[in-house]
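Colleague: Since the structure of chain A is provided, determine the placement of chain B on it from the hints.
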Amino acid sequence: MKFLTRADEILLLTILRLKDNAYVTTIIKEVKKRTGKELTFGSLWVSLDSLNKKGLINKRMADETSLRGGRKKIYYTLTISGVKANQEAREIQNSLWKGVPRLLKKYQEGQ
Amino acid sequence: MEKEVRPPRLPRRMLEFFLTSEEKSTLLTDLDEYFHENTIGKSRFISRCWYWRQVLSSILSLAKRSVFWGGIMLKNYFVIAFRNIRRNKVYSFINMAGLAVGMACFILISLFIRYQLSYDRYHENTSRIYRVATESKMHGTTTALTANPIAPELVREFPEIVHAVRIDHVNQKVLIGYGHKFFKEEQFCLSDPGVFEVFSFPLVKGNPDSALKEKYSVVISEGIAKKYFGDNDPVGKILYFENKLDFQVTGVMENIPLNSHFRCDFLASFACADEVFWKGYSEDKTQKSLHTYILLREGASASELEKKLPAFVSRFLAPVLEEYAPMKDKIPGGLENIKFTLFLQPLTRIHLHSNLFAELSPNYDIRYIYIFSAIGIFILLIACINFMNLSTAYSSKRSKEVGLRKVLGAQRTQLVKRFISESLLMSFISLFLALIIVEFLLPVFNSFMGENLVSSSYKSWPVFWGLIGLTVLVGVASGSYPAFFVSAFRPAKVLRGAFRLGTKSYFRSILVVTQFMITVGLIFSTIVITSQLHYIRNRRLGFRKEHVIVLPLESEAEIRNYLGFKSELLKFSDIKDVTGASNIFTRIYSSSPFWWEGAQENESKRVQKLFVDYDFIKTFGIEIVEGRGFSEHIASDRFNAFIINESAAQAFGWTSPLGKQIAWARSRNKKGAVIGVIEDFHFRSLHQSIEPLILLVRSNYLRNMFIKISSENTPKSLASIKNTWEEFFPARPFEYFFLDDDINKMYASEMRMSQMFRCTALLAVFIACLGLFGLISYTTEQRTREIGVRKVLGASVPSIVRLLSSEFLKLVIIANILTWPLAYYAMNRWLQNFAYRINVGFVSFVLTGVLAFTVAIITVSFQSIRAALANPVESLRYE
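Here the protein sequences come in this chain order: A and B. When you line the first sequence up against the numbering used here, it's residues 1 to 111, in that order. When you line the second sequence up against the numbering used here, it's residues 1001 to 1879, in that order.
Simulated from the structure, these hints should not be mistaken for laboratory data. Glycine residues also receive a C-beta, built at the ideal position from the N, C-alpha and C atoms. Accuracy of the hints is not assured; some may be wrong.
Claimed, not checked - List of simulated lysine-lysine pairs, DSS-like, C-alpha gap at most 25 Å: (1) K1024(B) <-> K54(A); (2) K54(A) <-> K1042(B); (3) K1042(B) <-> K32(A); (4) K1075(B) <-> K53(A).
Claimed, not checked - Going by beta-carbon spacing under 8 Å, a handful of chain A positions derived as facing chain B: (5) T25; (6) T40; (7) G42; (8) S43; (9) D49; (10) K59; (11) K73; (12) Y75; (13) L78; (14) K106; (15) Y107.
Just chain A, with the same shape it has in the complex (with noise of 0.2 Å):
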């Protein structure tokens, strides 16, 4: 399997907080609060696609329009495999980071 790239990994993560609300303006807003950087729709949603494409997670359109204020949306939520995808991610993450900081903190009292 090919890594995840770093804004799919973020994108996923957004998605499993956001638990059943993930849809594209809350996904938005929780990037935002998480790293301060605001995504484009565009950039966004052809991000989302690929994730799709890739069968990392899934779409479910929902009309809500009865609701007060609701209206047609499409939910994205994780596949398994997405969830996979993300506990590969995290132990890749886990081993490489294993005795770093030490050596971070030795490289830094050398300077």
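Modeller: Then chain B, alone, in the frame of chain A:
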């Protein structure tokens, strides 16, 4: 519920273009949702702007994605395109050759235009530099010169002027020496110390702030430094100026780029101007002999400054007018003539827009830039049309391929992409060919245009991107019509084999007509320009210009020795006549006020005058209408005799001019009589009509010597003149030119234009014929069976040729008729530049028509005759 803002429709459509149908629904739902969340409570305008921004940024991301995903498909498109090019060799060759030639032509012309537009733009402060020019009543002309002490006064008066510097070009050649090396130098200028702050002339050696501060200091160009000092350091060395002044070299500047409106090899301190010229020169307010440039403060407005200039000039001139007031009767034209007005010219407009008296170098004319750009675009257009035409015609050959692709599920957009990528590929191959052509032609083109489009300026990033952009534009533009046309084929029809592309297509006809309109226009212009130039060259000028050598006399000594030199020359058998005149008489701009009989006592008129030797009229074979020429044996001819031309007689209102009185307006009591009237001869270019002219004898004003030699052995005659010259004037190199060359030089820009038109007309004909050839070969191929059947049924060869050719020839005729009025109008406008011109006659039209028609017939008949001669058995067998 609050009022809802609906998303605007147009950006939505744009977005849809980039999406597949499946993507469409989800993306738009997402976008709508996002839109409403973000625009609640905002005004309609703001939400719309927001929407537009989102859509545009989305399109960008989508485009990026499609480039990525499309890469794989694209590779496939290019493979197929290559195969197609290989399969249809003739078609591809015609297509690409035409395009390559057209592109090469376009590239060369744009390089030329780019170069012309780049003049004087390399200065750091380009946009703030202005030249001060004068409209003077004295000469009745606008001149690029200003009164000598204007620059310092301007800086003193106006805080918005940072610097004002004078550039005083010593007009004649001066003798510069170092040690034992002496050279005649043409580009010697005097300037103020601020010159390096106004213009960006980087110094290789020396300090720009102090280089010209000292009197007798000079900054030289790198080229000159090499010439005089070789590899030694020139700074601190002494240069002799005309054996009267010593200059110390204080700096070396980079050679001034060729795209500058003036050249300069020596920049000496203006502080010593009085010694270079004469005492009081630099303070003389009536003397206008130098150029003034100003650097404005940032943000200062030139037009505001210009408004304040008249008041400045009257303050400037007040002391002069006061000084001259007592002698106002002696000043020709009175005190009014001293006055002038000043105006400003932006530095960057000088090269293309300014054509004043005393320009520092001959400038170009913006109108030629327009003409050349139009030609470049036209040629490219013809080539593109070719491309479109041929691709559409040949596309029916590919209908099966398209049908099959469609059956296998190809979408229309994919087919469009596929065709466009094919035409892109072809246009890139053409670009490559075009660049090879350009590389070969650049030196030729340079010498032809008399310019130096340094190839380094052409191998730069902006040019590179420009070329890529051009190629993409050409590829997409010429590929788009066939792409949309072909992708619309219905697969069922095509695959059943019933499909046949109509042999007639209005769109294609329009394209062919457009192509031939441009071609015909160029042919017509070429014919008119060529015949006007022919007319100019062969018009009876009223004097014999052939085999006349002109020697300019510069120093006093040379003028004083004129007679001795002349009699020495006349001893040679091959030198027929020697005479002299004050001006190179193809451009006499030397008018003086004269009084004439019949005018009021204090009246006067400005008339062009020419001082000549006694045998001037005889040497040039100028016809004497009445009276006689000058004679050495009649004493009164020496000072008090005038010969006038017919125009002068008319201007003075004389019916029998002989014996009438003329006098210089300055000394009205010394009257002289008219002894002869000569025929009007063209003493200027044919752009101007003949003005009144007065000839007078003055042996001490003959600054030019005219030597008429026999036509037999020019080199021998030249050698004997040179030897005699060296005996008489050993100090000065022998310089001469031929009178007829000099006359032809007046039409140099027209000559160049004529050559340009001839080349482009040829090219246009070539490209258009390539296209026509491709089209006719295609149609004949399509109609092979039809021709076979017709022949079997008894059609004759001529009738078939007629059948095949007539359609195209009709188009050529239509193109001719449509173009004639336009071309006629344009060429008549151009001819207005000449006071003496041809009439655009019926012949030019007929000639154009016949030419275009013949070329078209030859192109078309080659294929159609071949098709008509073919054995019907061959063509029908494959049924």
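Colleague: None of the hints should be skipped; say for each whether it holds.
Modeller: Hint check results:
1. K1024(B) <-> K54(A): 19 Å, holds
2. K54(A) <-> K1042(B): Violated. K54(A) to K1042(B) sits at ~38 Å, over the 25 Å cutoff.
3. K1042(B) <-> K32(A): 21 Å, holds
4. K1075(B) <-> K53(A): Holds: K1075(B) and K53(A) sit about 22 Å apart, inside 25 Å.
5. T25: Holds - the Cβ of T25(A) comes within 8 Å of chain B, reaching about 4 Å at its closest.
6. T40: Because about 4 Å separates T40(A) from the closest Cβ in chain B, which is inside the 8 Å limit, the hint holds.
7. G42: Status holds, d = 3 Å.
8. S43: 4 Å, holds
9. D49: Holds: closest Cβ of chain B sits about 7 Å from D49(A), inside 8 Å.
10. K59: For K59(A), the interface hint holds, since the closest Cβ of chain B sits about 6 Å away, which is under 8 Å.
11. K73: 5 Å, holds
12. Y75: 10 Å, violated
13. L78: 17 Å, violated
14. K106: Not OK, violated: K106(A) not within 8 Å of chain B, min 41 Å.
15. Y107: Violated. Min distance 37 Å.
Hint compliance for this structure: hints 2, 12, 13, 14 and 15 are broken, all remaining hints hold.
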